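**Student:** Given the structure of chain A, go ahead and fit chain B onto it with the hints provided.
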Amino acid sequence: QQQVKQSPQSLIVQKGGIPIINCAYENTAFDYFPWYQQFPGKGPALLIAIRPDVSEKKEGRFTISFNKSAKQFSLHIMDSQPGDSATYFCAASRGKLIFGQGTELSVKP
Amino acid sequence: GAGVSQTPSNKVTEKGKYVELRCDPISGHTALYWYRQSLGQGPEFLIYFQGTGAADDSGLPNDRFFAVRPEGSVSTLKIQRTERGDSAVYLCASSPTGTGSEQFFGPGTRLTVL
Numbered sequence: 001q002q003q004v005k006q007s008p009q010s011l012i013v014q015k016g017g018i019p020i021i022n023c024a025y026e027n028t029a030f031d032y033f034p035w036y037q038q039f040p041g042k043g044p045a046l047l048i049a050i051r052p053d054v055s056e057k058k059e060g061r062f063t064i065s066f067n068k069s070a071k072q073f074s075l076h077i078m079d080s081q082p083g084d085s086a087t088y089f090c091a092a093s094r095g096k097l098i099f100g101q102g103t104e105l106s107v108k109p
Numbered sequence: 001g002a003g004v005s006q007t008p009s010n011k012v013t014e015k016g017k018y019v020e021l022r023c024d025p026i027s028g029h030t031a032l033y034w035y036r037q038s039l040g041q042g043p044e045f046l047i048y049f050q051g052t053g054a055a056d057d058s059g060l061p062n063d064r065f066f067a068v069r070p071e072g073s074v075s076t077l078k079i080q081r082t083e084r085g086d087s088a089v090y091l092c093a094s095s096p097t098g099t100g101s102e103q104f105f106g107p108g109t110r111l112t113v114l
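Those protein sequences? They're chains A and B, same order as listed.
Letter by letter, the first sequence follows residues 1 to 109 in our numbering.
Letter by letter, the second sequence follows residues 1 to 114 in our numbering.
Don't read these hints as lab results, they were simulated from the structure.
It should be emphasised that the depicted structure is a prediction, and the values quoted were computed from it without experimental measurement.
Note that CB positions come from ideal geometry on N, CA and C, so glycine has one too.
One or more hints might be untrue.
To be verified - If we take Cβ atoms under 7 Å as the criterion, some of the chain A residues that face chain B in the derived model are: (1) Pro19; (2) Gly43; (3) Pro44; (4) Lys71; (5) Ser93.
Said to hold, decoys possible - So these bits of chain B aren't anywhere near chain A, every CB distance computed over 12 Å: (6) Val4; (7) Lys17; (8) Glu20; (9) Gly28; (10) Pro43; (11) Ser73; (12) Val74; (13) Ser87; (14) Arg110.
Isolated chain A (complex conformation):
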C-alpha cells in the first residue's frame, strides 16, 4: 500500500522532444504528489507538485497530469533540452515522501 511504481527506468529523447514519465500509487490516503530532479552528486530538487483535487498543473516547461480514479500521474517535459538530462523521481506523500525508483533521462543534442 505504500509503494509508488515509476516507469520507464530510462529514457532517451532528442532535443525538443517531450519525454513522459509515469507513476502509479496504491494508497488513496496520499494527498501530495511532487516530482524531483536529481543531478549526479546532488540532492533531489523539487520541480513541481500537484494535489489530488487538480487534474493538471503546468509550471514553465513541466506539466503534471493526474488521474485520481486510475491512481496514476505523469510528468511531461516540453521542448526538452540537454540540460534536462538528469534522474527524475516521482513521490507521494501523507507526511513522509514515498519515492518511485527513478527515471534516468538523457536528452541528446
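**Tutor:** Using the frame of chain A, we list chain B on its own:
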C-alpha cells in the same frame, strides 16, 4: 537564502565504528526529514521531526540508528556499530510545515563503511 546544508559531505568509516551526520535545515522550517538513498534507487524515509520531537521514526531500519533535534533546528543522525550495508547517501530535507509537502533537500552525506 541558504538552503539545507549537511556535513560532512563524505564520510568513510570502518565496520563497527560510530558515526554522526549533521543537518542544518532552512531557517524557520519546523519539519525535518531524514532519508537514505542507495545507488540507483529512490530515497527511502527514515525519520521525521516536527519541532524537537520525532513524529514518525517508522523508517529507521533497526536500533543502531538514532536521530535527535534537541533545539528544533539542527539534527544529528547517529549510527552505531556501522555495517557495510549502511553505505549509502543520507539525505536531509526540511519543510515549512509538517504536512509532508514542499520538502527541500540538502546535498546529502555519502557514507562508506569499509
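**Student:** Holds or violated: A/Pro19 as interface residue toward chain B, Cβ cutoff 7 Å?
**Tutor:** 18 Å, violated
**Student:** Just double-check B/Lys17 for me: nearest Cβ-Cβ distance to chain A has to come out over 12 Å.
**Tutor:** 24 Å, holds
**Student:** Against chain A, does B/Pro43 hold up as non-interface, every C-beta pair farther apart than 12 Å?
**Tutor:** At about 5 Å from chain A, B/Pro43 fails to clear the 12 Å cut-off, so the statement is violated.
**Student:** Going by Cβ atoms only, is A/Pro44 closer than 7 Å to chain B?
**Tutor:** Hint on A/Pro44: holds, closest Cβ of chain B at ~5 Å, below 7 Å.
**Student:** Return the status of the interface hint for A/Gly43: holds when the least beta-carbon distance to chain B is below 7 Å, violated otherwise.
**Tutor:** Holds, because the Cβ-Cβ distance from A/Gly43 to chain B comes to roughly 4 Å (cut-off 7 Å).
**Student:** At 12 Å, judged by beta carbons, does B/Ser73 keep clear of chain A as stated?
**Tutor:** It holds; B/Ser73 is separated from chain A by about 19 Å at its closest Cβ, greater than 12 Å.
**Student:** Double-check A/Ser93 for me: the hint is only fine if its C-beta lies closer than 7 Å to a C-beta in chain B.
**Tutor:** At 4 Å from the nearest chain B Cβ, A/Ser93 passes the 7 Å test, so the hint holds.
**Student:** Given A/Lys71 as an interface hint, is its Cβ closer than 7 Å to any Cβ of chain B?
**Tutor:** 18 Å, violated
**Student:** Would the least Cβ to Cβ distance between B/Arg110 and chain A come out above 12 Å?
**Tutor:** Contrary to the label, B/Arg110 does not stay out of reach of chain A, its closest Cβ about 9 Å off (not over 12 Å).
**Student:** When you look at the beta carbon of B/Val4, is every beta carbon of chain A farther off than 12 Å?
**Tutor:** Since the minimum Cβ distance to chain A is about 8 Å, B/Val4 lies within 12 Å and the statement is violated.
**Student:** Over 12 Å to the closest beta carbon of chain A is the bar; see if B/Val74 clears it.
**Tutor:** Label holds. Min Cβ-Cβ 17 Å, cutoff 12 Å.
**Student:** Please settle this one: B/Glu20 was flagged as non-interface, so is its CB more than 12 Å from every CB on chain A?
**Tutor:** 19 Å, holds
The structure does not agree with the numbered hints 1, 4, 6, 10 and 14 stated previously, though it agrees with the rest.
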